[in-house]
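Participant: Chain by chain, the residues:
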Amino acid sequence: GNSVTQMEGPVTLSEEAFLTINCTYTATGYPSLFWYVQYPGEGLQLLLKATKADDKGSNKGFEATYRKETTSFHLEKGSVQVSDSAVYFCALGGAGNNRKLIWGLGTSLAVNP
Amino acid sequence: NAGVTQTPKFQVLKTGQSMTLQCAQDMNHEYMSWYRQDPGMGLRLIHYSVGAGITDQGEVPNGYNVSRSTTEDFPLRLLSAAPSQTSVYFCASSPGTGTKRTNEKLFFGSGTQLSVL
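One line per chain: the protein sequences are G and P, in this order.
Numbered per my numbering, the first sequence spans residues 1 to 113.
Numbered per my numbering, the second sequence spans residues 1001 to 1117.
Isolated chain P (complex conformation) (with noise of 0.2 Å):
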């Protein structure tokens, strides 16, 4: 089972490019998110998705768009990348959402680690 798979796992990018971070997983969550960690402010949420063709914003979702045409795939985008943006990417999900249900396990991925020179 390969749970949540994160590609690619190191990239270096010059101000101004852009590119993709791939996040898959094969459990059939509903639940996706992205966050980032940096060094002092713990992890924070870019954006979720709580099923296939619906997303919304975290706490922190500037410079940054995602799309969920699938239950397995929630890439995550950089259309011009920043020197503020590098950091270390991890794509989690969850199963089920529901109103009433409390949160659940997250599964994270192994992580990206994206430099912006």
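The shape of chain G in the complex, shown without the other chains (with noise of 0.2 Å):
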């Protein structure tokens, strides 16, 4: 069946590093694809999507590409702040009445000034 793998965390980085949070997936037919944040003490929020392959979603300064070939929807951002410590989540889609996405564990980071 479909399944999302994400890196592990905690990720921490020095405020202003590159990041990159690694998530890959395996599906049947062509699954949009979503990174999901979640601020402490927040429900999750839509940080971005990407709805067929080598669509780039971006928002806030991370970026995200469809890689059908390789099957990864790896998040980006290419100088991060301390207000990015967060808990970043991958999650797959599918079509249907019951909106079931498929998430990824999570990937806690923390950013240090």
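Certain hints may be false.
[What the hints assert, rightly or not] EDC-like mimics (lysine to aspartate or glutamate), calculated; alpha carbons at most 16 Å apart, straight line: (1) Lys100(G) / Glu1059(P); (2) Lys52(G) / Glu63(G); (3) Lys100(G) / Asp1026(P); (4) Lys56(G) / Glu69(G); (5) Lys68(G) / Asp54(G); (6) Lys56(G) / Glu42(G); (7) Lys100(G) / Asp1056(P); (8) Lys60(G) / Asp84(G); (9) Lys77(G) / Glu15(G); (10) Lys100(G) / Glu8(G); (11) Lys60(G) / Glu8(G); (12) Lys1009(P) / Glu69(G).
[Unchecked claim] Some residues of chain G that are not near chain P, with every Cβ distance over 10 Å (derived): (13) Thr12; (14) Ser14; (15) Val111.
[What the hints assert, rightly or not] Residues on chain P that point at chain G, a partial pick, calculated with CB under 10 Å: (16) Val1004; (17) Gln1037; (18) Phe1090; (19) Ser1110.
Honestly, the hints are just simulated from the structure, not real lab data.
From a predicted model like this one, the values you see are computed outputs, not experimental measurements.
For every residue, glycine included, the Cβ atom is placed at its ideal position computed from N, Cα and C.
Got two chains here, separate frames each, mind docking them using the hints?
Facilitator: Set out below in structure tokens:
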């Protein structure tokens, strides 16, 4: 079945460092891919998404490209800030009424000043 | 715009007690769902609803009941709480259903932290 594998954390970086959080997937068909972010004490919110191969989602300086050949959707940011400290979730979407996203386990990011 | 509102934010129960977690959204979303979040296990879908009067089970429905009498509200009921239900619970909603539409943006509430002693 469909699945998502996300790199384990925690990830600790210094401010202005480059960030990569790896996400790979297994799926039939052509699902949409998502990155959600959860700031401390809050619910998840959509960070970016891509709906087809070679699409690049971007938001708040974060980017991820839907790579069908490597079945990946890695999250990147060129220069992280302390305010980026959060847990990041990769998710795989599917068609149908149940909106049953398949979630990665989440990667915790801590950015130190 | 309030979005998705969950109450309470924190709750402590004793084993065997019952309670209802409230969820309300003011965005006229057809789809609503409940997740639980546990360390090392990510997010797991408990129950979901694609419209008023329609509910269905997710991955981990045992021990939980839901109902959807209005578009706005989707309460989650624990009939007899167990320590295994200690978790953080999130309600999420999404606009529209339709068999031809793919998954869309989920809007999450801020969560309810539940401890069952």
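Participant: Against the earlier hints, flag every one the structure doesn't satisfy and list their numbers going up.
Facilitator: 3, 6, 10, 11 and 12
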